[in-house]
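Number of protein chains: 2
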Amino acid sequence: MTHFNENQLSEMPTRQRAQFINSLSGFKSANLVGTIDNAGQTNLAMISSVVHLGASPALMGFIVRPNTVTRHTLENIEQTNQYTINQVNSSIWQQAHQTSARYDKSQSEFSETGLSPFYIAGVSAPFVAESELKYSLELQQIIPIELNGTLFVIGKITNVICNTSVIKQDGYIDIEAIDTVAISGLDSYHQTQRLSRLSYAKPESMTQQIPLDGM
Amino acid sequence: MTHFNENQLSEMPTRQRAQFINSLSGFKSANLVGTIDNAGQTNLAMISSVVHLGASPALMGFIVRPNTVTRHTLENIEQTNQYTINQVNSSIWQQAHQTSARYDKSQSEFSETGLSPFYIAGVSAPFVAESELKYSLELQQIIPIELNGTLFVIGKITNVICNTSVIKQDGYIDIEAIDTVAISGLDSYHQTQRLSRLSYAKPESMTQQIPLDGM
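Protein chains in written order, with the UniProt record's numbering: chain A, 1 to 215; chain B, 1 to 215.
No lab work stands behind these hints: they were computed from the structure. Don't take every hint at face value.
[To be verified] Interface residues of chain B toward chain A, partial, derived using beta-carbon atoms under 10 Å:
#, residue
1, Gln41
2, Arg71
3, Gln98
4, Gln169
The beta-carbon is built from N, C-alpha and C at its ideal position, and this holds for glycine as well.
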């Protein structure tokens, strides 16, 4: 085991440090954020920072950096207050990654990467038809993180579209069964293999493996 | 595919909704946060919301809810300004989950779950010896999220301890090779199998699979 101190970290070349530091958080979620502007131009952006904030109300957050490739996503959310989050699966992971290319505002990542927009009544933002688990959100708050100029975008979940066959009796969704992928670092994609679900941990006894359907 | 609208989501029983909504963000990182209070009492907490904020400065964030099982973690970070984040691997995933039991403040999750504290000079907070990739942080900011009473804890990475054999030439760390696990929902643990790394996406050509060592 090697120890890198703060000086050694800051002396790493920029790109190497980006790869290194991006590997430290562990596996990341792989999601496509779908938006549309007031003129009807759609956008799709790969986001690896979607994080669960709470179930009641149902809130989800993600980090964006303004003035980067995700700027159109941010502008569209600010215009319409709506967006969708679409889990990336092993049928579309390469197309999903391709959405991170710096396309012009007039180009839609849907047509450029061959993914299909899908709409429901009451939601202007496009879903990704090829995603097996997707939901729409209404913007609640954008929190500026002054430490590094990023923004924490928080939305409330308004609609969920999912294959019911992978929803277990206790509410758990078997996202492995719909081939949702995980990301490590900036560019590595992974399928998963379940070790087990574990019972709710209590101080007096060791947690046990439980069947996929819960207890 | 079934469509759940906002009314249907809010009518789900509380526990079922928690399982359901927790499944929506995709795969989550599995990390143990190590802390110590001023009296020398250690604490270890399973956190699935660690998220990369930026590489320069190297910032990491996670979400905590005050007055829950993670309250001691929060109190200790506020007392000492220091904490460690330790990736959970497939040798310690059950012990890691067990740290989420509601132990008393006088009980250390290290001894209760059989994990070993590990210290380095200059960092008061304990690392997890059994973790193959771990780092210390200095608290930078705690942002209250008023929408649901959670807190976003942001720290700067000060030291990284890692097996150099899994650090690739371009800085990417092969966290699959050190058996880091991922979480889905509240209690499902997963090993991973790499699909591939992908090249930096450009508008004029489709991203390509690249070898593990980068290009």
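The hints, checked one at a time:
Annotation: interface hint on Gln41 (chain B) violated; nearest CB of chain A at approximately 16 Å, more than 10 Å. Nearest Cβ of chain A to the Cβ of Arg71 (chain B): about 15 Å, over the 10 Å cut. The hint is violated. Residue-level restraint check for Gln98 (chain B) holds (minimum Cβ-Cβ distance to chain A is 5 Å; threshold 10 Å). Interface hint status for Gln169 (chain B): upheld, as the beta-carbon distance to the closest one in chain A is roughly 8 Å, under 10 Å.
Of the numbered hints given earlier, the model fails hints 1, 2; all others are met.
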